[in-house]
Amino acid sequence: MAIDLRTVSITPLRQTFGHLARRMGADKPASRYIEATMDLQPVENYHYRPTWEPQYDIFDTTRTAITMKDWYALKDPRQYYYGAWTLARGRMQEVAEGDFDLVDELGLAAAYPAEGKAQALKVFLPLRHVAWASNLNKAYVSSYGYGIAISQATCYASMDQLGVAQYVTRLGMAFDDLDALAAAKTAWLEGAEWQELRRYVEDLMVEKDWFEVLVAQDFALEGLLYPLIYERYNEKLNAAYSPVFSMLTRFQREWFGETTKWLDAVIKATGADNADNKAKLAEWIKKWRDRAVVALKPVAAQAFGAEADAIMAELVQNLNARAAKAGIAL
Amino acid sequence: MDMKATKKLGLKERYSLMTRDLAWDTTYQKMEDVFPQTTYEGIKIHDWDKWEDPFRLTMDAYWKYQSEKERKLYAILDGFNQNNGHLSVTDARYINVLKLFLGSTPPLELMAARGFSMMGRQMNGAGPRVACQMQAVDEYRHFQTQIHSISNYNKYYNGMDEFAHQQSRMWYLSDGKSFFDDAITAGPFEFMVAIGFAFEYVLTNILFVPFISGAAYNGDMAAMTVGFSAQSDEARHMTLGLECIKFMLEQDPDNLPIVQRWIDKWTWRGTRKLAAVGMMMDYMLPKRIMSFKEAWEMYVEENGGALFKDLARYGITIPKCFGQTIEEKEHVSHQSWIGFYMKPGATPFHTWIPTPDEMDWLSEKYPNTFDKYYRPVLEFFDAQEKAGNRFDNKTAPMNCQVCVSTMKFNEPGDPMEMCFRESIYKGEKFHTCSDHCKEIFDNEPEKYIQTFISSHQVLQGNCEPEGVDVNAPDFQPGKQILDYWKLDKRALGDFNGSEDQKNFAAWREQATKN
Chain C
20 MAIDLRTVSI
30 TPLRQTFGHL
40 ARRMGADKPA
50 SRYIEATMDL
60 QPVENYHYRP
70 TWEPQYDIFD
80 TTRTAITMKD
90 WYALKDPRQY
100 YYGAWTLARG
110 RMQEVAEGDF
120 DLVDELGLAA
130 AYPAEGKAQA
140 LKVFLPLRHV
150 AWASNLNKAY
160 VSSYGYGIAI
170 SQATCYASMD
180 QLGVAQYVTR
190 LGMAFDDLDA
200 LAAAKTAWLE
210 GAEWQELRRY
220 VEDLMVEKDW
230 FEVLVAQDFA
240 LEGLLYPLIY
250 ERYNEKLNAA
260 YSPVFSMLTR
270 FQREWFGETT
280 KWLDAVIKAT
290 GADNADNKAK
300 LAEWIKKWRD
310 RAVVALKPVA
320 AQAFGAEADA
330 IMAELVQNLN
340 ARAAKAGIAL
Chain V
806 MDMKATKKLG
816 LKERYSLMTR
826 DLAWDTTYQK
836 MEDVFPQTTY
846 EGIKIHDWDK
856 WEDPFRLTMD
866 AYWKYQSEKE
876 RKLYAILDGF
886 NQNNGHLSVT
896 DARYINVLKL
906 FLGSTPPLEL
916 MAARGFSMMG
926 RQMNGAGPRV
936 ACQMQAVDEY
946 RHFQTQIHSI
956 SNYNKYYNGM
966 DEFAHQQSRM
976 WYLSDGKSFF
986 DDAITAGPFE
996 FMVAIGFAFE
1006 YVLTNILFVP
1016 FISGAAYNGD
1026 MAAMTVGFSA
1036 QSDEARHMTL
1046 GLECIKFMLE
1056 QDPDNLPIVQ
1066 RWIDKWTWRG
1076 TRKLAAVGMM
1086 MDYMLPKRIM
1096 SFKEAWEMYV
1106 EENGGALFKD
1116 LARYGITIPK
1126 CFGQTIEEKE
1136 HVSHQSWIGF
1146 YMKPGATPFH
1156 TWIPTPDEMD
1166 WLSEKYPNTF
1176 DKYYRPVLEF
1186 FDAQEKAGNR
1196 FDNKTAPMNC
1206 QVCVSTMKFN
1216 EPGDPMEMCF
1226 RESIYKGEKF
1236 HTCSDHCKEI
1246 FDNEPEKYIQ
1256 TFISSHQVLQ
1266 GNCEPEGVDV
1276 NAPDFQPGKQ
1286 ILDYWKLDKR
1296 ALGDFNGSED
1306 QKNFAAWREQ
1316 ATKN
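Heads up: the protein sequence lines correspond to chains C and V, in order.
First residue of the first sequence? That's 20 in the working numbering, and the numbers climb one at a time after it.
First residue of the second sequence? That's 806 in the working numbering, and the numbers climb one at a time after it.
So here's chain C without its partners, still in its complex pose (with noise of 0.2 Å):
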């Protein structure tokens, strides 16, 4: 039986503000990502040149390469306002703690074969710096990007890498191994395998253009690193030994396929406004691509030994066709 909940209906003067329906076309409703997103950065009568960059306004399209007729294409297919956004991720750490927990209760890193611990903690424990090189390097791009929709999802996907930072901390200390932080951060000063991955990072704090940063941390990098460890190594030590350091990079995993859906969305979409764009992203997805390779291969190395290059080279692929998918030929 179909009830008829009754309530006082009011018909409203309007359905939204004036920006979100010049937007939209019509005065309809508007979601809440876009009340809480589109055209609200100040784009005019600024007061003040910045102390620090006078040659630029406080927020300035000029300080990319990229130009776009509308920075609020550049949308989040997700729909990540703050709330959405925590959200999903406080369901995120939800599991994630369920995850850990298992693992101490039935003492599943203790019961972990050492060599296979001692080999894995080496590929995984300096991946806490990268994160955080990424949450630096994010952090730029949300301080100097143009528009509430870009500047938005990448202060959260900063938050994100903090995050990921942590969980890659915690790792190390579920297998109660403090010594083992340590010697990774030392292995990510000092170690030969790692020093053009920290090269690269670093080159990045000092990259001006933010959506060049932005290209070569999240699509290049991130593209390539993901894949390699969070689901290939993953994989082979599933095999060899047991799911544990899969359960414990989960959100890392996860993060990183929802990720891309917003990442490619914004390439995708930056890519069709003109086409010197699309020239640009190539340029800079071939450039940071193959650095990337080249920091990446002594870490695949230390993962996989020989079988190293042959993966690379399909993850290279896959990262080919997701540009190619998002209308960029390389």
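Be aware that a few hints might be false.
Said to hold, decoys possible - Over the 12 Å line for every Cβ pair with chain C, so calculated as not near, a few chain V residues:
1) His953
2) Arg1093
3) Pro1172
4) Met1203
5) Met1212
6) Lys1231
7) Asp1279
Unchecked claim - Covered by chain C, according to a simulated footprint, are these stretches of chain V (three or more residues, beta-carbon under 8 Å):
8) 853-865
9) 878-888
10) 1255-1269
Since the hints were made in silico from the structure, they are not lab data.
Idealized CB from N, CA, C, for every residue including glycine.
Based on the hints, put chain V in the right spot on chain C.
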């Protein structure tokens, strides 16, 4: 988490492992190139590791707490909206508080989000960087929840629909814009003193408590819930601002005079912004919480005074402007309201003359000033309005070159005399509203000659809607200013007789009677 490794670690060590142990000193790029902004202001930091984390919140815990808060908040907003909650406010005049709030506050929270993101990138200590990033993402929360809570009111009442367009164009929003533009264009340490300390610590209570309590007192559960939900974030932000001051002062004695000058500057700049909060409290809330004067005494004189006493051990003295703010607490709310009443054609919110009861309340709360200076003005305006001669000041206002407030404040010690100051810089004359604003101008004239003053810009043809040819022979600057502002005529002028007033009455009738 309950593991052996963590049992060995104290909270502090664990948090350190989760934050600053992640960081390293770069070697492929020089640290001063990675963090190029932290030296030019003259602040000397010798050891970033001495930073005491003001709170220790890892991301997993952050997501857990914040998602619980968001779930509750949006459930309440949905319920409030579904049940026509807007009709439960005390009276429709209250909605003008929301118009004032929507225009002035979410845009500034947004600037805080962007500014703290910049701090979260530029500070070269890992501790302060993480704390600033966390505040940045909180500020996204604040401007978005504020917009979401007011969104439903916009559907039914006039004057809220163009806040995004108006944030950079409306003359009276220019003071808030200049405040945040000033902070964000300053160096990172000054930003932290301006926003982290002066705004979020010294003045935050008098900014937000009246709005939130005002919402609670006047039946606005949407805004009230947003405010309460933000309080635990604000508590974190306050500890960050205070830690930043202490850190700078402990690092080097040479930092003291710089920090003191910033505290003087930003306490005053913040105070000037508060005039609008004052008029909201004393004139716009149908059910009052307390007077602005009482709030000033409680939140600024007592709490702020205690804070500065606490900072005395670092050599910090009470802000120079403190004495003047105490004198002004009995005046600014009246001067502001009267100022807005006199401009019925230029704001997207309504004004009105207080009822006789409300005037008596003001007399009681302001025994030294209301009857003597302000009641006669309001009664005169009231009589003129009733005689069909409603006062309407159509001239462009004169603005302070620093705080961008309209010139309306009195000479210290003389309520009958308007206060003007001027400075000559490079042969040009610049006007300020007070000794404190003049001092700020004189310290950094190159910055403040850039201020965007609407009244001047209109005359230069810079405030015209798209498509207007400013070189046409018959061009008249400012003739189409309402279009430039996208100001809905229904939102202008007197509350009495407004569409809002009529609709609210009709809808309440519909919702409560058969």
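Taking the hints in turn, this is what the structure says about them:
Consistency note on His953 (chain V): stated as away from chain C, yet its beta-carbon is not over 12 Å from all of that chain's, at 6 Å minimum. No Cβ of chain C comes within 12 Å of the Cβ of Arg1093 (chain V); the nearest lies about 28 Å off, and the non-interface call holds. The non-interface label for Pro1172 (chain V) is consistent with chain C: the shortest C-beta to C-beta separation is roughly 39 Å, beyond 12 Å. Remark: the non-interface label on Met1203 (chain V) is consistent with the geometry, its nearest Cβ contact in chain C lying 17 Å away (cut-off 12 Å).
Met1212 (chain V), annotated as away from the interface, keeps every beta carbon of chain C farther than 12 Å; the closest lies near 18 Å. With a closest Cβ-Cβ approach of about 17 Å to chain C, Lys1231 (chain V) is found to remain outside the 12 Å limit, as its non-interface label requires. Distance check for Asp1279 (chain V) against chain C: the nearest CB is about 26 Å away, which clears 12 Å, and the non-interface claim stands. Counting residues of the segment 853-865 of chain V whose CB lies closer than 8 Å to any CB of chain C gives 3, which reaches the minimum of 3, so the coverage claim holds.
Taking a C-beta to C-beta cut-off of 8 Å, the segment 878-888 of chain V contributes 4 residues in contact with chain C, enough for the three needed, and the coverage statement holds. For a cut-off of 8 Å, the count of residues in the segment 1255-1269 of chain V with a CB near a CB of chain C stands at 4, and the three-residue condition holds.
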